[in-house]
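Protein chains in written order, with this note's numbering: chain A, 1 to 480; chain B, 1 to 216.
Note that these hints are calculated values from the structure, not bench results.
Among these hints, one or two may not hold up.
[As the list claims (entries may be wrong)] No more than 20 angstroms apart at the CA atoms, straight line, and that leaves these computed lysine to any residue pairs for SDA-like:
id: 1; chain 1: A; residue 1: K370; chain 2: B; residue 2: K21
id: 2; chain 1: A; residue 1: K318; chain 2: B; residue 2: L15
id: 3; chain 1: A; residue 1: K45; chain 2: A; residue 2: I31
id: 4; chain 1: A; residue 1: K432; chain 2: A; residue 2: T231
id: 5; chain 1: A; residue 1: K45; chain 2: A; residue 2: G32
id: 6; chain 1: B; residue 1: K21; chain 2: B; residue 2: S119
id: 7; chain 1: A; residue 1: K411; chain 2: B; residue 2: R184
id: 8; chain 1: B; residue 1: K195; chain 2: A; residue 2: K72
id: 9; chain 1: A; residue 1: K72; chain 2: A; residue 2: E145
id: 10; chain 1: B; residue 1: K164; chain 2: A; residue 2: N461
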Amino acid sequence: MSRVKILIVEDAQLIAVHLQKILQNANYEIIGRAVSYDEVMDICKKKVPDIVLMDIMIEGEKDGIETAIELKEKYDLPIIYLTALTDGITIERAKMTNPYGYLMKPFQEEQVVTLLEMAIHKFTVENKLRESEEKFKAAVASISEALIVVNEDFTINYINKSAEDISGLSLEEIEGHIFTEAFQFLDYATHEHIVNIWKYFNIDKKEQKFDSLYLLHPSGKKVPIGDGSITPVFDDKKLLKSIVLTFKDITQKLKNDQKLKEIEKTKLSAIIEGQEMERARIAREIHDGLGQTLNAIKLNINPLLNAPDKARAEVDLKNLIGEAIMETGRISENLLPSKLKDFDIATCLLSLANQKNDKLNISFESTEVKHDQIGINKKINLYRIAQESISNAIKHAEAKNLNIQLRGENKSLVMTIEDDGHGFDVANRKEKLLEGHHGLQNIEDRVQIMNGIIDIESNANLGTVIIVEVPYDGTKIAKV
Amino acid sequence: MSSVMNILLVDDHSLIRDGIKSLLIVKYPKANIHEAKSGKEALSLAQSKKLDIIVLDISLPDMNGMQIAESLIADKNPAKIVMLSMYSDYDYVSSCIEIGVNGYILKNEGHEIVDAIESLAEGKAYYSTGVRDLIVNQYTQKVRKQDTAQEVVVLTNREKEVIKHVVEGKTSHEIAEMLFISARTVDTHRSNIMKKLKVKNSIALINKINELDLLG
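Take these sequences, add in the hints, and give me the full structure.
Take a look at the structure:
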């Protein structure tokens, strides 16, 4: 440790020299000796001491006490007074400067050193305390939760920065005010004014939590607050010492919850709407296709029975029935490809890729996959995801090529679908859902049903890639 | 083949069985025609009766016709099998051929069953008109594809992008950062490429890329 630096202020040279000797012997560093206010200030400008020994009667207009006041203000230095004066008024004045000690002239050598040591120790401890208090205050001030401390007489002791922000009040203007007068709370459900928050929360007991309340802002706005607690602090004699309140502004949280609800609702209505659309499509197909063909058959029965050209009528009728059968097959294939039941997913996807498509060139590749661990539900979901992606690639991305890859991992199956279309903004896809584009949501829902993981990357230059990882039946994959 | 033919019709719809039966009776009035409406029944009849021909539907309530055919053939049952199905789809046809059945008829062309049984009785295979079209179409498509595309490994644009950085020895995280995609996606691309190139580790991968000149 470096030596403690001392400034001696004493206009009696003999005493000053004597002091300097004593202190130097005790291994202190004397940075200077001053006889007046001006000299003190000159020395401190060059080098700041750790402690000042100050005579009260010094040369010049300002005495030692006035000098000490200035030193404390400017440098926050601990002062020890050297004095022979003992009149009450002087002592009172000296007290006001919070000195670290008094040394009565004449003094003993040991006396000086002991007093100095004590002063230095006290100063160090106080400094540390002040520092930790400042750190603590800074921490409390910076937390995002509002924190309010109320005294035992229910006046406000302290509110932190967040509490100021949320309430629209400042510590300066409400410190010492009655808490219930400064802060107005409303019941969350009824919006009724809570007259006595302490009774409302029964603060005689231990800590109370609350989920939601309104805090009345000076502007008249009702700020929703939540995640709150009210904690009474008792002393040894079980008397109320203070009350600590914490809470958060939950405006944003409520907004997010609301949005989430909307998305859920849209999702649900998308499902219902999707089902309705599908029903309408099937109805149309049966009516326009199968229905018309069956009508034609009925119309042809009579000509067959009565007509002279029976052979011709029979051929027509057979053709019509054949058409009706084909139509039935086509409709049922659309509803659920029979293949999914009888073949593995790779075969089904390959066949999907091979279906004639004028707008999109689809390729399919597969590595070894544990087909016996992919049940019918997974097959249907994977197939539908591929179908949806193909439809998106054509309709929205205007892609030319699309590649489907199927790869088996130890415990899971990875399907990668990549197109070279013009991509979309992945981050914004929830907005798209609200606009009525359900395709991607549908894919995500299917992946969720399979306990899988989905990654979607899209950009204008490279197109879109959808990676779906699905656990084999009877296994789980670790979510990243 | 014995003088009186033993035929088993397997279909869960009695109307279809009746229809086929009425067609067969005209041509083979003396034939013994047995009927089964499930896979289980069919297998048990095939064991107990000495059957010459089995007409087998694919879509049955308990198991599919292909599984039944597979099991019969594995048991070395001497009966000839002809599939009778709604499915006019090449994958079904090719699977059945692979299993080793003797014929495939579309239900839409059910009247051809008579010709089919005649062929089977002579020891020949029989495929109905629509099935023959399917096979020919598939074959020409394949030939055309082989003409245009040889057996080469094709990497997608993204895979090429990723592999460029892999060759430079970058980690998935570094690549992810450069391409603004997640490390998981990079890993998926990397795994896909490795499986496509049939290599097990990154060194072999880099060698293979250089060997095939995939980035050239």
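Find the hints from earlier in the document that the structure breaks and name them by number, from lowest to highest. Failing hints, ascending: 1, 4, 8 and 9.
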